[in-house]
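Novice: Since the structure of chain A is provided, determine the placement of chains B and C on it from the hints.
Chains as they are written, first to last, in my numbering: chain A, 1 to 157; chain B, 1 to 115; chain C, 1 to 200.
No wet-lab data here; the hints were simulated from the structure.
Quick reminder that beta carbons are idealized off the backbone N, C-alpha and C, glycines included.
Mixed in with the good hints, there may be bad ones.
So the derived list for chain A, only partly shown, Cβ under 7 Å to chain B, looks like this [unchecked claim]:
no., residue
1, L76
2, S108
3, L109
4, G110
5, L111
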Amino acid sequence: MIRTSVEVWIEEPLRRFVDDASVSLALLLHPSGQVLAQYGFTRAMDIMSACALAAAIHVSAAELGKQLEGKPFSGLHHAGKVRQIFLADARTASGAYIFLTVFDERSSLGLVRLYFDEFRANLAKAAPLPSEAPEPMLNENFERELNKNLAVLFGRA
Amino acid sequence: MSSPFTPVLDALTRQRGVRASLVVSAADGITIDSNLQIGQDGSRVAALAASLYRKARKSAAAAGLGGTGFMQLEAETGRLCAIGGEEIVLVVVADRSANVGLIRVEMLRAAEALA
Amino acid sequence: MSLVNYQTREITCKIVYYGPGRSGKTTNLHYIYSQVPHDRKGKMVSLATQTDRTLFFDFLPLDLGMISGFTTRFQLYTVPGQVYYQATRKLVLQGADGVVFVADSQARQLQENIESFQDLHQNLSEQSVDPRSIPLVIQYNKQDLPRDLILTTTELSDAINFRGVPDYAGDALHGPGVFETLRGISEIVLKRLSTPSSAR
Numbered sequence: 001m002i003r004t005s006v007e008v009w010i011e012e013p014l015r016r017f018v019d020d021a022s023v024s025l026a027l028l029l030h031p032s033g034q035v036l037a038q039y040g041f042t043r044a045m046d047i048m049s050a051c052a053l054a055a056a057i058h059v060s061a062a063e064l065g066k067q068l069e070g071k072p073f074s075g076l077h078h079a080g081k082v083r084q085i086f087l088a089d090a091r092t093a094s095g096a097y098i099f100l101t102v103f104d105e106r107s108s109l110g111l112v113r114l115y116f117d118e119f120r121a122n123l124a125k126a127a128p129l130p131s132e133a134p135e136p137m138l139n140e141n142f143e144r145e146l147n148k149n150l151a152v153l154f155g156r157a
Numbered sequence: 001m002s003s004p005f006t007p008v009l010d011a012l013t014r015q016r017g018v019r020a021s022l023v024v025s026a027a028d029g030i031t032i033d034s035n036l037q038i039g040q041d042g043s044r045v046a047a048l049a050a051s052l053y054r055k056a057r058k059s060a061a062a063a064g065l066g067g068t069g070f071m072q073l074e075a076e077t078g079r080l081c082a083i084g085g086e087e088i089v090l091v092v093v094a095d096r097s098a099n100v101g102l103i104r105v106e107m108l109r110a111a112e113a114l115a
Numbered sequence: 001m002s003l004v005n006y007q008t009r010e011i012t013c014k015i016v017y018y019g020p021g022r023s024g025k026t027t028n029l030h031y032i033y034s035q036v037p038h039d040r041k042g043k044m045v046s047l048a049t050q051t052d053r054t055l056f057f058d059f060l061p062l063d064l065g066m067i068s069g070f071t072t073r074f075q076l077y078t079v080p081g082q083v084y085y086q087a088t089r090k091l092v093l094q095g096a097d098g099v100v101f102v103a104d105s106q107a108r109q110l111q112e113n114i115e116s117f118q119d120l121h122q123n124l125s126e127q128s129v130d131p132r133s134i135p136l137v138i139q140y141n142k143q144d145l146p147r148d149l150i151l152t153t154t155e156l157s158d159a160i161n162f163r164g165v166p167d168y169a170g171d172a173l174h175g176p177g178v179f180e181t182l183r184g185i186s187e188i189v190l191k192r193l194s195t196p197s198s199a200r
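Excised from the complex, chain A in its bound form (with noise of 0.2 Å):
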């Protein structure tokens, strides 16, 4: 199982989280459905998928509870047949972030709400105040590499 983060600082909270509640995957991400830290899943493309959803359910959950109660709602629970998925918010001085975790019968909701108030307050403790802008990571010639490889991505190479 893969276990990665974006963000250092965010890597001791999932892994006390992940190993307390017994998940099978967690994902961290920002709300534009971009993915900083995740465990449990072995393919990079699937981890974008699984968070375009994942934001895409919250958003949506949270317009709902405006809607309704003129808030949003703070989290979300989902149980299928096999396995479950828990979703919710997380805020902290670098951000507010969603945070996705699906688990089965090794775990239990209440258990993950309980270690989810932990995470919540470990990531808030741990979070970093935000940061200038990093200096620019490409290089200047970067557009050949980058038609060079949409060439190849499209059979035109």
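Specialist: Using the frame of chain A, we list chains B and C on its own:
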């Protein structure tokens, strides 16, 4: 707010040394009803106790011991007792001074009533 | 905002295909999906109605390969084009790094194109995104239709492209213009990662 489980929980909590009693969903670990003292975090106990009981049942089954009945966890300053089935787990948190035998009898009686 | 992972050296960017209903946004993604090798794309997610009209969005993750030592991935989204899906379009547009505006070249759809383009600018402004600065290209799709039904790219450009952004003729159903459009938006989006933030 009362539920069909309130009388059972009240009877358990009346036992000397019992600090809390809970009826918990076995699958979710979510509290169905509880009788707690002020300041107690019932949801935490519910989630962990249900998980523990589920694992105890699996352990017993794996060891070829059949179904699980009464479970007791001894800690430094008290005990956690649980009994249940596929749907519901009854949990009691008690002091060391509590009469475990009596609690066990009451819990077995309560479990039969809830079944 | 493009996501950069310095540890694993990965870049992820979000591109949204925007435009009026039935202009060919989903068709663009379907064509891209049909051309790209299996190991360079994820499953295409389509949240659509029973009549294949986009209900929420289509989504296609692409692996563009290594660029300047970074594994570069694009998330391609489409929005539902019909007028009453306004709220959904706003949600999908959040966090976009670049937009492809897919215009319908049919003469009778000109007003829809204009309104949709205005809708895009309004939604961006509401999200505190400067519409003049977000990477944007325009595709004039359905240029394969009979000449008497469509406007020329010059006519369309005069009507829609008041910003003078890169634009491309397209026939998404059969492929022409799809690759060029994707290349165009990719260049502009990635260019932002190759210049200091103060210069943006």
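Novice: So, for every hint listed, does it hold in this structure?
Specialist: Hint check results:
Taken as an interface hint, A:L76 does not check out: its beta carbon lies about 15 Å from the nearest beta carbon of chain B, beyond 7 Å. Given the 7 Å rule on beta carbons, the hint for A:S108 holds: about 4 Å separates it from the nearest Cβ of chain B. Of the supplied interface hints, the one on A:L109 holds, with its beta-carbon coming within about 4 Å of a beta-carbon of chain B, less than 7 Å. The beta carbon of A:G110 comes within 3 Å of a beta carbon in chain B, closer than 7 Å, and the hint placing it at the interface holds.
The beta carbon of A:L111 is positioned within 7 Å of a beta carbon in chain B (closest approach about 5 Å), and the interface hint is therefore held.
Going through the hint list in order, the structure does not satisfy hint 1, though it satisfies all others.
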